[in-house]
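Trainee: Here the protein sequences come in this chain order: A, B and C.
For the first sequence, the working numbering gives the first residue as 20, with consecutive numbering after it.
For the second sequence, the working numbering gives the first residue as 1398, with consecutive numbering after it.
For the third sequence, the working numbering gives the first residue as 7, with consecutive numbering after it.
Everything labelled a hint here was simulated from the structure, so no lab data went into it.
Honestly, I wouldn't trust all of these hints.
[As the list claims (entries may be wrong)] In silico contact screen, one side only, chain B against chain C (beta carbon under 10 Å); selected entries:
id, residue
1, Ile-1430
2, Asp-1465
3, Lys-1469
4, Ser-1472
5, Ala-1590
6, Asp-1591
7, Met-1592
8, Met-1595
9, Phe-1596
10, Ala-1599
11, Arg-1600
12, Trp-1606
13, Ala-1679
As the structure is a prediction and not an experimental result, all values here were calculated from the model.
Positions of the beta carbon are idealized from the N, C-alpha and C atoms, including for glycine.
For reference, the chains in residue letters:
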Amino acid sequence: MSELPAKPVKKPKRVLPERFVSYKGVWVFIEHEHGHVHPVSWELLGKGRELADKLGVELAGVLIGAPGPKIAALAGETFAYGADLCYLMQDAVLHDYRNQAYTAAITTLVNTYQPEILLLGATTQGRDLAGSVATTLLTGLTADCTGLEIDLADRSMLSSRPTFGGSLMCTIVNLATRPQMATVRPRVMPLPVKDPKRPGRIVEHAFDLAEESIVTKVIDFIPDSRADKPQLAFADYIVAGGRGMGKPENFDLLFSLAKTLGAEVGASRPAVHAGWADAERQVGQSGKTVRPKFYLAAGVSGAIQHRVGMEGADVIAAINVDANAPIFDFSNYALIGNALELLPALQTAFAARLAQTRARVTRSAPKEE
Amino acid sequence: MHIAVCIKQVPDSAQIRVHPVTNTIMRQGVPAIVNPFDLFALEEALRIKDRTGARVTVLSMGPPQAEDALKKCISLGADDAILVTDKAFSGADTLATSYVLAAALRTLHEKQPLDLVFTGKQTIDGDTAQVGPGIAIRLGYQLLTYVSRIAKIDVQDSRIVVERRAEGGVQVLESRLPAVITMLEGTNTIRFADMPGMFTAARQQTQHWNREAIGITDLTQVGLKGSPTVVAQVFAPKPKAVRALRIEGETPAAMAEAFVDKLFTDYPQLEEALLEHLDQLAAQEQQS
Amino acid sequence: MEKFDVIVVGAGPSGNAAAYTLAKAGVNVLQLERGESPGTKNVQGAILYAHALEEIIPDFRDSAPLERHVAEQRMWMMDEASVCTGMTHRDARFSTPPYNRYTIIRARFDRWFSAKVKEAGALVICETTVSELLRDAQGRVVGVRTEREHGDILADCVILADGANALLGSRAGLRREIKAEDMALVAKEVLFLPKETIDARFNISGDEGVVIELAGNVTHGMVGTGFLYTNKDSISIGIGCMLGDMKRQTITPYQLLEGLKRHTAVRPLIEGAEMKEYSAHLIPEGGLKALPQLYGDGWLVVGDSAGFVNGIHREGSNLAMTSGRLAAESLVALKAAGKPFDARHLAEYKRRLDDSVIIADLKKYADVPDFLHNKPHILDVYPRLLGNAAHEMFMVDGQSKRAKQQKIYAELKSRRSLLGLLGDAYHFWRAFR
Ligand SMILES: Cc1cc2nc3c(=O)[nH]c(=O)nc-3n(C[C@H](O)[C@H](O)[C@H](O)COP(=O)(O)OP(=O)(O)OC[C@H]3O[C@@H](n4cnc5c(N)ncnc54)[C@H](O)[C@@H]3O)c2cc1C
Ligand SMILES: Cc1cc2nc3c(=O)[nH]c(=O)nc-3n(C[C@H](O)[C@H](O)[C@H](O)COP(=O)(O)OP(=O)(O)OC[C@H]3O[C@@H](n4cnc5c(N)ncnc54)[C@H](O)[C@@H]3O)c2cc1C
Ligand SMILES: Nc1ncnc2c1ncn2[C@@H]1O[C@H](COP(=O)(O)O)[C@@H](O)[C@H]1O
Chain A
20 MSELPAKPVK
30 KPKRVLPERF
40 VSYKGVWVFI
50 EHEHGHVHPV
60 SWELLGKGRE
70 LADKLGVELA
80 GVLIGAPGPK
90 IAALAGETFA
100 YGADLCYLMQ
110 DAVLHDYRNQ
120 AYTAAITTLV
130 NTYQPEILLL
140 GATTQGRDLA
150 GSVATTLLTG
160 LTADCTGLEI
170 DLADRSMLSS
180 RPTFGGSLMC
190 TIVNLATRPQ
200 MATVRPRVMP
210 LPVKDPKRPG
220 RIVEHAFDLA
230 EESIVTKVID
240 FIPDSRADKP
250 QLAFADYIVA
260 GGRGMGKPEN
270 FDLLFSLAKT
280 LGAEVGASRP
290 AVHAGWADAE
300 RQVGQSGKTV
310 RPKFYLAAGV
320 SGAIQHRVGM
330 EGADVIAAIN
340 VDANAPIFDF
350 SNYALIGNAL
360 ELLPALQTAF
370 AARLAQTRAR
380 VTRSAPKEE
Chain B
1398 MHIAVCIKQV
1408 PDSAQIRVHP
1418 VTNTIMRQGV
1428 PAIVNPFDLF
1438 ALEEALRIKD
1448 RTGARVTVLS
1458 MGPPQAEDAL
1468 KKCISLGADD
1478 AILVTDKAFS
1488 GADTLATSYV
1498 LAAALRTLHE
1508 KQPLDLVFTG
1518 KQTIDGDTAQ
1528 VGPGIAIRLG
1538 YQLLTYVSRI
1548 AKIDVQDSRI
1558 VVERRAEGGV
1568 QVLESRLPAV
1578 ITMLEGTNTI
1588 RFADMPGMFT
1598 AARQQTQHWN
1608 REAIGITDLT
1618 QVGLKGSPTV
1628 VAQVFAPKPK
1638 AVRALRIEGE
1648 TPAAMAEAFV
1658 DKLFTDYPQL
1668 EEALLEHLDQ
1678 LAAQEQQS
Chain C
7 MEKFDVIVVG
17 AGPSGNAAAY
27 TLAKAGVNVL
37 QLERGESPGT
47 KNVQGAILYA
57 HALEEIIPDF
67 RDSAPLERHV
77 AEQRMWMMDE
87 ASVCTGMTHR
97 DARFSTPPYN
107 RYTIIRARFD
117 RWFSAKVKEA
127 GALVICETTV
137 SELLRDAQGR
147 VVGVRTEREH
157 GDILADCVIL
167 ADGANALLGS
177 RAGLRREIKA
187 EDMALVAKEV
197 LFLPKETIDA
207 RFNISGDEGV
217 VIELAGNVTH
227 GMVGTGFLYT
237 NKDSISIGIG
247 CMLGDMKRQT
257 ITPYQLLEGL
267 KRHTAVRPLI
277 EGAEMKEYSA
287 HLIPEGGLKA
297 LPQLYGDGWL
307 VVGDSAGFVN
317 GIHREGSNLA
327 MTSGRLAAES
337 LVALKAAGKP
347 FDARHLAEYK
357 RRLDDSVIIA
367 DLKKYADVPD
377 FLHNKPHILD
387 VYPRLLGNAA
397 HEMFMVDGQS
407 KRAKQQKIYA
417 ELKSRRSLLG
427 LLGDAYHFWR
437 AFR
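Model the full structure from these sequences, guided by the hints.
Mentor: Structure representation (structure tokens):
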């Protein structure tokens, strides 16, 4: 899905200032929270490998966190996913993600080891951090990229990204400063194959900010599993309804199907405005952006403001009475018919199919303990 | 208490088209709106104003037409509107934008000290979510991004407690004022202006600040010159590879079955993942 | 509560003309518009006739967003989906500045006009819908109620410039509801094409534009016509029929327009274009006989809301602007003379209208709507007759149509061959005389 323009990119004339010429290497920030690495970091190592090979330089993972066995293990994993080395900064102060501390950590590393490219995931953490780091370093940052390439002519990185709410793509270059920074959307780059035997070296660097000088304190963390709120942005399965659902009671059909699929319920703006669903559930330009594995839209016309919030879904199916509804222009499957009849039918069909598969799987391969 | 809200006027992205031949953007007739994300920031500021009587100043960098966007904010209840506008500022990327906005905020701060600066989560044209962090760094303010709720503000003590959307959960952060907050979308519902508000907005003069007014002398930091990133090309995204496959079926039940079958045949890994996901949910259920 | 000399409801051509003229004369005027900005909700072909605007803003050509000046007029008669015959009218007189007609995009044009209104000193408030008129115990209109909280506003006079639906007047009982028979429903699209492609396909260059009038079977036998106008880098295409007919036929305007776009003569012109906007809008085409009461105690009605449309010539915005100006000038004159805005004095507006091209033209075509209701097939059979009058009739310059018609008549008489047709279409012509 990485998209690049057909025509060669026309770059403005700019010369890289002398002080940046020595900047070498591709870096990927390894994002982890509560011992859990965000998969986008591994995806980025895959892409970073490609870029580094093209440039003939090393690929490095950047790991920041509290000292302990966990972080050491993560360093090993970065090698398995393709890194040649791993910059490691560990300090108790770095236990939770905090902008001030992490910005200080990364800028120190960059100023010391001088990479030419620094990539981060376009997550809430990655974007928070990237913006501060880029401003501190006074370098250029391209957000939310979907494609990265190297132009060997001047060793510059071509970053492609959607713009204007997804209706356009653009290619951005930074010819004036280093490192060239980009955040990349999750699930855009393929996950690289893991090779647990791949070697790598760790470069440790001390963090020198004391807790007292860090202003913001984390006083609690409420994991989503504990909260009672719909977690649309992170849901892998979403069934959404629009104005075509007709009335509030009909939204029950969606909740019911959602239960069968372990899915979240999403809604278009009119459905939210009508009070059929919580504002938390609105998908689109002024609602949430979602990237589930499966998105089912029922009675949604597919207006661009809705589309930009959900077209990143892996598989999209739509139910609509109108065969010409715009939603079919970007869905994989078209179910032309009445949602009020089709939703219960789907629930039955899904339940039957999943039970059947489960039965077959358990019969042929008894579960290992 | 003094709160600044940074807002941007953006073209309604739903109405942007690409020239089918030259691949350039056609903005003709595209209406300009207040960046929808910024309205959540404004509403949050106005709620603080309602509670504490804080002064709310809206600030935008942009061309003279952006005045309309500022007026909209006045109609909703903002007290002052400042348009930061200068030919030298055009073509700015986020780094150059945050430079100018920070300079303007400093000027504003001198007139009445600032306690809070709000921005939207991101713009719908730039989509970067970088300007908020940029402003915080340049001003040396605390940065609180993706804030979903302001739990407590204590101006006397300069303390603030917020809930921040993090990956996989919500961080509860305690921080110090002045701070920059980028407000998460969907966290409040923007009010509807009343008629007196509309009159105030229609009559109020927006202040215009140029580079002298905000003390900018180094022109290498602003506009195109101050922007390390440049857009080298704009092009239309490839349409999704396949048009929707039409599922046939005499009855809803037949259509549903045909669909589920086709879906899991085309995407076997989806069925696997779904089963695994359901197992996990079941396991969690048992635990609690 | 806020109070103004005059409140103008609506920021279309009629409301803008009125508010501009009032503000220029120093009257304290408030204009209310429900759209997000002026023009967002407005639909027009759109051809702008320069004359009416010139009388309000003489130098409008210097700053108004004009697309192309109309250099060529084509009249096509279309049969089913295959045959198309037509005539083309190109006249050097149309191609020398100052031009007489321009294609415009209403969204941009209205925004420009509204900026002029503000410059002139009127207070303009958008995104605000007037829900009803405020009346005092005597039934005099004393202001408006808007949908916003604390939304009542007072004024000595309210100008209703709220367009074809004329809801405010009907709701207040100032007029009877509009009949479907008197309304045309038009569907319209703006299709994007590069300027070079448009120039090549229509054989034009520079700022030249083309107007194509489409008549015949494309309307499925209903009373109505289609149009196709070239803008700078887009094409406006539309088709409309009398609402009464449409109701009977249960055909949607969208279907009609799709049919028109598929026609062999039209398709190559719009091939590859991207649809940018789709809209449907009403045009009051009842003519003179359907005109409502035009003024009363504390109120005046202008433009489409008053039914000032010449359906045969697709003229509306010019009559809207002229009526807006006349309404404003009447108020300015009364105010200067220290007279109240009651019905007795507002009759001044009606007097000015009667002396103007608006009523003269509406009188001339007074029988057309009745005629078309009775003999709709005439439009199928002889649409070309309309075209033959093109030379004179398309020239809109503020002269009454009667004078022009006499010229055409003289011409027709000298061309005997046409008389055969005319015999058949005798009734048709009577109605138009
Ligand atoms: C600045 C701005 C921001 C916006 N932000 C958002 C946003 O974040 N999210 C959003 O969703 N919208 C947003 N919108 C609104 C957006 O433009 C559309 O109006 C909206 O997405 C349409 O919602 P819908 O598809 O539910 O309704 P509709 O467009 O009315 O479509 C309803 C559909 O249901 C179908 N239908 C009817 N009955 C049935 C039935 N029984 N079975 C099956 N199908 C049926 C119809 O054929 C139709 O296609 C925004 C608009 C603006 C201007
Ligand atoms: C498809 C089409 C093609 C046309 N082509 C041509 C042409 O080529 N040339 C030509 O001269 N004429 C043409 N006309 C006619 C022309 O568009 C109208 O005559 C003209 O727009 C009338 O102007 P108006 O100001 O009276 O009304 P409108 O332009 O309709 O303006 C009314 C305004 O009032 C506002 N409004 C309505 N109700 C309220 C309320 N309650 N509160 C606040 N605001 C309100 C509306 O939003 C609108 O902005 C065409 C019309 C159509 C539909
Ligand atoms: N030109 C500008 N003027 C004022 N505020 C801006 C401007 N550009 C961006 N912002 C603010 O910064 C936020 C993030 O913008 P962006 O980084 O462009 O996605 C927006 O939601 C606005 O609040």
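Trainee: Hint compliance check: list the failing hint numbers for this structure, sorted ascending.
Mentor: Hints 12, 13 not satisfied by this model.
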